[in-house]
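Protein sequences appear in the order of chains A and V. Start counting the first sequence at 823; every next residue gets the next number (our numbering). Start counting the second sequence at 75; every next residue gets the next number (our numbering).
Among these hints, one or two may not hold up.
Unchecked claim - With a straight-line Cα cutoff of 25 Å, these simulated SDA-like cross-link-like pairs (lysine to any residue) come out:
| hint | chain 1 | residue 1 | chain 2 | residue 2 |
| --- | --- | --- | --- | --- |
| 1 | A | K956 | A | D942 |
| 2 | V | K279 | A | K914 |
| 3 | V | K334 | A | A845 |
| 4 | A | K907 | V | K354 |
| 5 | V | K279 | V | N342 |
| 6 | V | K347 | A | S856 |
| 7 | V | K598 | V | T408 |
| 8 | V | K354 | A | G841 |
Since the hints were made in silico from the structure, they are not lab data.
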Amino acid sequence: GVAPLGPVPLSKDNVYGLGMLEASYHHMPHPSDSEKLRQYLPRNPCPTPPYYPQHPLPHSDSLEFFTRLSTETLFFIFYYLEGTKAQYLAAKALKKQSWRFHTKYMMWFQRHEEPKTITDEYEQGTYIYFDYEKWGQRKKEGFTFEYRYLEDRDLQ
Amino acid sequence: DRAPGGPTSMMHSGISQAREYDDPPGLHEKSEYLLREWVNMYHSPAAGRDSSKAFQVFVQQMHQQGILKTDDLITRFFRLCTEMCVDLCYRALSEASHNPTLLRAKCFHTLDAYVRLIALLVKHSGDATNTVTKINLLNKVLGIIVGVLLQDHEVRGTDFQQLPYHRLFIMLLLELNAPEHVLESINFQVLTAFCNTFHILRPSKAPGFAYAWLELVSHRVFIARMLALTSNQKLGVNKSVSSVLQGWGMYAQLLIDLFKFLAPFLRNVELTKPMQLLYKGTLRVLLVLLHDFPEFLCDYHYSFVDVIPPNCIQMRNLILSAFPRNMRLPDPFTPNLKVDMLPEINHPPRILTNFAALIQPSSFKKDLDTYLKTRAPVTFLSDLRSNLQVSTEPGLCYNISLMNALVLYVGTQAITYIHTKGSTPSMNTITHSAHMDIFQNLAVDLDTEGRYLFLNAIANQLRYPNSHTHYFSCTLLYLFAEANSEAIQEQITRVLLERLIVNRPHPWGLLITFIELIKNPTFKFWNHDFVHCAPEIEKLFESVARSCMQQKQP
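Just chain A, same shape as in the assembly (with noise of 0.2 Å):
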């Protein structure tokens, strides 16, 4: 049989143990208790039809993945996956077809065209940039983007 050995019966504390566990078993931990607080996106499970993707893709979690988004996807990950390792890959991909952060407006800027001045301090042209607050991509003329802003870190 699947009990070679017999039942043996349970003690007083593996009854207690028994209880206890049964409890508990009511308010599980949530899959968002051990990680950090995700403000515009928390978990939200749901049972999903099994004929639905129950995983994502394999290897969306590479960089070649995250290229293959669109300049929209990425600014959405960006903004609204803070402190996550799609942020990061987010922003590599970014970076890679040439936008720029900007440090003190916090929004990615791309240059529309070769700059009118490039000085050591800072470059000035039309530059092409996304509005997180009207979520779009907006065209500025005439934009001064100082270096010390330029968010210039070498993402390893």
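With chain A fixed as given, assemble chain V onto it according to the hints.
Chain V in isolation, oriented as in the chain A frame:
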């Protein structure tokens, strides 16, 4: 470590201080005010990176309130803060009408701030190079949280909530494992403190915390920090090989704590839904360990299998299937595989359990050694059974731990003995010795229950190619061949077969031994009655035989 004032005593004083309530007047209000201040500062945009600016300001406030005057006041401050955080969670969780995501966010709002405060106080206590103060403070705070938890668990009973403690422990663990120089230098002591904490809160002591406990113990950061260092052979500045092995030992203890809690329920096959879930989680952890840290399971297999009930075949197979990653196992189904030609079978496996010390009482160990040396007196053999027997209650007759230790000890002594004679273990060299006397006597003299445990103790050594696997494989086959009754042969077959009819993985040595038994005509396996006792058993043997005999497809 256990010296007066050492980290462990700090933890225990923390635990007992969690029950002291004679606070000086006004301290509760002060602590409440300070905690609320800190939570606001932590969440304010001006807090600075890692709350550094806020912390500088806050320490001034703590000074002003007189909290930092004595160790006693600091301890009380932590106890009061822990209790306030816990109370807040209970209040939030009782508001059933609210959105559960918001309720959790509300709890985390305070808990995360408190964790950051603890982490910063640990990091900045004493001067930068003073590790003792930092570690003592950490142990103290962990002790206080443990004390509050145990009391809460006891007082609230089935209303106990794991959430606040789970969050405090995991977030503090993550904060203190950040890649920072000051933390790297105390990392081993930090992990030791958490291991001691988890050991004190093991499921048998705090069953209402068991699910959170398993989450903590199996957290990827914790497993990686405890076990990963040797696997890529990158030892940091303060990591010596011995401290890595200590880390393995501490982690093994936590798994043993888990197995011990599960054992009585698994043994009885009384699996309520909550118990099934905990069991499933355990299997998952074992699978991760088997995949990522097989050497760890190899080294501690003895201690694990010693506490896992004999009927947990698959759980045991997971552990016994582990083998060192640099090893290539020959396919057991290769026709004419010559096991004795494999170079690995001359090397003993590493066993990080002192199993010889488990042979108790010491007088029995002394008699055993005398018998192994002199093959006398014969009364040692006739007394063996009573030495292993502990009761007359069916199912509880034998001291399983002693049986396991005896079998492995006699086997390792036999291998050494054969080597000293300039030979290597084989079907011919293992016979006619004091060691085989003991094994044959156990096979013949024990009753069904005892023999089952004895044969299981042997089968637990049938793992990857090594000298133990080879020796015990030969021993089991020899016991089959030399058996004076069919009952022994039937039981040997049963022990092997029941480990093979479960789902994978199957240990290599187990397959090798079973294939040898059914293929080698000297054993006349197919002539035995028990093979044909029932049509379904016969079919089962045929199907196993078919899968064992089949040629591997190219």
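Checklist entry - Does K334 of chain V pair with A845 of chain A here, judged by a C-alpha cut-off of 25 Å? => result Satisfied, since the Cα-Cα distance of roughly 20 Å is no more than 25 Å.
Checklist entry - Do the alpha carbons of K279 of chain V and N342 of chain V lie within 25 Å of each other, as the hint requires? => result 21 Å, holds
Next on the checklist: Hint check: K347 of chain V vs S856 of chain A, CA-CA at most 25 Å. Holds or violated?
Outcome noted: With a Cα-Cα distance of about 23 Å, the restraint between K347 of chain V and S856 of chain A holds, given a limit of 25 Å.
Next on the checklist: With the threshold set at 25 Å, check whether the alpha-carbon distance from K907 of chain A to K354 of chain V stays at or below it.
Outcome noted: 29 Å, violated
Checklist entry - Taking 25 Å as the top limit, are the C-alpha atoms of K598 of chain V and T408 of chain V close enough? => result 21 Å, holds
Checklist entry - Quick one, are K279 of chain V and K914 of chain A close enough, alpha carbons at most 25 Å? => result 47 Å, violated
Item to check | Proposed proximity, D942 of chain A with K956 of chain A (alpha carbon, max 25 Å) | outcome: 32 Å, violated
Checklist entry - Is the Cα-Cα distance between K354 of chain V and G841 of chain A 25 Å or less? => result 19 Å, holds
Of the numbered hints stated above, those contradicted by the structure are hints 1, 2, 4, listed in ascending order.
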